[in-house]
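Undergrad: Sequence:
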Amino acid sequence: MLIPKILEKEIDFQCQSQDLQPPEFVIIDSSLPHNKRFFCKSCGNQRQSTFKIIDFQSLRKSFDELQREFIQQNESIIRLHIESVIKLENILINLKTRQIHQFDNLLLLLKEWITALIDSVSSYSFFKQLDSLFTLQLFDNDQSNLIKNITKIHSYFQAQFDLDLFREQPEFISVQEIFQFLNNLIATQNVELQYNFRVERPKNQFLSQLIQSIRNMQEKQQHYIIEDTICPFGIFYRYKKQFYITKNNKEVKYQSLDGEIVRIDRKNKNQHIEILKKWEQIVYLQWKGQYDNNKQQVGYWTATWKGEIIKDVGGIYNQFGKKEGLWKDLIRNYWSIAQVYEVGQYQMGLKQGNWKFIYKDQEIGCGEYSKQGEKTGKWLELSDMFCDHSKVTQMGEYNQGKKVGRWDILFNYQGNNSKIGGGEYDQAGQGLKIGQWIDISDGFFEDSQVTYNGQYKNGKKVGKWDILFNWNGKNKIGGGFYDLEGEGLKTGCWVDIYDQYQQHRSITYIGEYKNGKKVGKWDIWYNYLGKNNNIGGGLYDEKGLELKIGQWLELSDGFCDYSQVTYQGQYENGQKVGKWDIWFNEEGEKYKIGCGFYDKGGQGLKTGQWIDIHDQYLQSRHITYYGEYRNGKKFGRWNIMYDKNEIGGGQYDEAGQGLKIGKWIDISGGFYEDSQVTYNGEYKNGQKVGKWDIWYKKDRKNIMIGGGSYDEEDQGIKIGEWIEISEGFDCYYEVTYKGSYQNGIKVGTWIEIFQGFNRIKEIQYDN
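The numbering of the sequence shown is the UniProt record's numbering, which starts it at 1 and goes up by one.
Don't read these hints as lab results, they were simulated from the structure.
Be careful, since some hints might not be right.
Cut-off 30 Å, straight-line C-alpha distance, at most; resulting in silico cross-link-like pairs (BS3-like, lysine-lysine) [stated by the list, open to error]:
| hint | residue 1 | residue 2 |
| --- | --- | --- |
| 1 | K378 | K306 |
| 2 | K663 | K241 |
| 3 | K278 | K433 |
| 4 | K590 | K579 |
| 5 | K579 | K250 |
| 6 | K460 | K402 |
| 7 | K517 | K600 |
| 8 | K433 | K514 |
| 9 | K36 | K9 |
| 10 | K697 | K277 |
| 11 | K433 | K460 |
| 12 | K288 | K701 |
| 13 | K277 | K684 |
| 14 | K375 | K278 |
| 15 | K419 | K474 |
| 16 | K701 | K761 |
| 17 | K375 | K111 |
| 18 | K548 | K476 |
Pair by pair, the computed Cβ-Cβ distance ranges are [said to hold, decoys possible]:
| hint | residue 1 | residue 2 | range |
| --- | --- | --- | --- |
| 19 | E487 | D643 | 48 to 58 Å |
| 20 | R167 | L92 | 11 to 21 Å |
| 21 | Y291 | S336 | 39 to 49 Å |
Just so it is clear, the structure is predicted and the values come from calculations on it, not from any experiment.
Don't be surprised by glycine CBs; every beta carbon is placed ideally from N, CA and C.
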């Protein structure tokens, strides 16, 4: 409702004669100025005028009434105008509110931006520092990571900053200049870092002493277990192989359990050397190139495999010891049946732009790296265990190095590429699996197509999970429940499976979990020739420590239809103690093939006289080892037996390092009844030195078919003229190779020979 409103101010109506008193009268006299027409009561009674004097309030009231009538007559005309302008007013109010909110958000964003920059240099993860302590890299002042982190912070916040709010404002240019300055500053600091890179050690005395203690501890031998592969009777198997690593400031030394130093990687004090975890890489892979005065890799580097240079593999290290430009790298899982390469560009050690996976000269995967060296956008990448028998790829999207959204798992089997699994990752960029998933087993391959089906919540398995085996159709072979609290812990009754379940290794474990730990009785079941039998098992403690206790019968790591080897003995608090027997089941008959004692001190160390068996003890490979252990290491004379006949052996050092010394007769890695090959030569502190001969027993006759020399000084590398046997050498494939080695690398012309005299072909190597 509209009301009359006087335009003039109250001060305009005051009496001009009596100290601006409120008006009582109005003189109707047009000759007077407006403000001279109003008088208070006192002045009005004294004033004589020929003009009419009117009561002010009565006149004002009348004017108000007149205006009110005007309003009533014309309100409909003005209301639409008013309403339209009110709408415009509301729009402006909303715009103002929104802009205030937007600017408030920008101010909040800037505070977060500043906090992130401060945290990048002031905050730390206790857990990461603890990990760094174990790797002797505590407080490494890696400024390149700091600048990389700052770059990520600026990239993130600049993307959130709405420049359009300033586009029509005079501050727009200033904001742009600040953004450009930040980008230039990062580029400048990156260049300065390249020329002034430094790594500083902690000055804190407590930490320095702690690091030295850990270094001393790590310089002792560490026991590792890795996977290796065998193909008995043409069937592909993975099994666990054990070895020792000794690491100090000068070198990393790899020692097999049978006492041979198979590799030594030398390093300077501050140089980090990656520990190899694949047996073939330990034995066969070497990188060749130049070092500068600081023992830093520079210039062109290439790789060799079994003494042969791998074609086109390698690239350039820049003056800062960082990979630069075009590189052809080996995948992490590279070995004889996984000869796959990654090809792309490096900039200061960071992968940049498009990278491709090359397998048998074909591109089988690719994706992009950001300037920060992180995977971004769509990717088709290889599984961790990709090889000839496990052509598994994964397809999906990365955001700042984290998987997001839908990812599919693909398997190329006999030329057909099909989707076998996958699921969703969270969109928040944490790389967490969510919802329904089909995972593949770690050992997934052609004859072991095992998948796991169930739900993820925030990256943890929850609820019911099934284990399926694809063999002439999908069959459920195991499974159980994970806790519903989202901790990813197994609970209740479970049917677990053997690490590499397959048709010839149909092994399951049945028992109970509490809070993710095995408790109570667990049974081992083996399906052989269509019949499921309980063949082993034992007890776990009830305290939830998952420690084996009491009597156990367990399987060898290489257990399969053709190698039914079991071990029987006692556990105390998770360690083997006392006498253990080794059994072999062949064609329904069970034979004792080995035995020995573990120490009573609870260390699980072999002691005294033992009959050990070959890692790959098979129906056609009845190989055993006779000798003595001291503190878990082989000691003194050991004999190698085949079908209870001595075929080799030698001496271990007296210092208790378990190293081969002096004259030895070793057996070949592929030794069996149709390939009875032995090596005859000398060891010096675990390394082969001097002349070694290769002998082959056929038709009960032992003949020398090859050999050559190892250097006396370095890492037991081959030198000079050699005759080597082929892979797969046996009575049906008696192929040897004759040629020269130079510093462990094949050079010149090599001749392939069949049965010792039939030349098959020549192979040319670069000098």
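Undergrad: Of the numbered hints stated previously, which ones are contradicted by the structure, given in increasing order?
TA: 1, 5, 10, 12, 21
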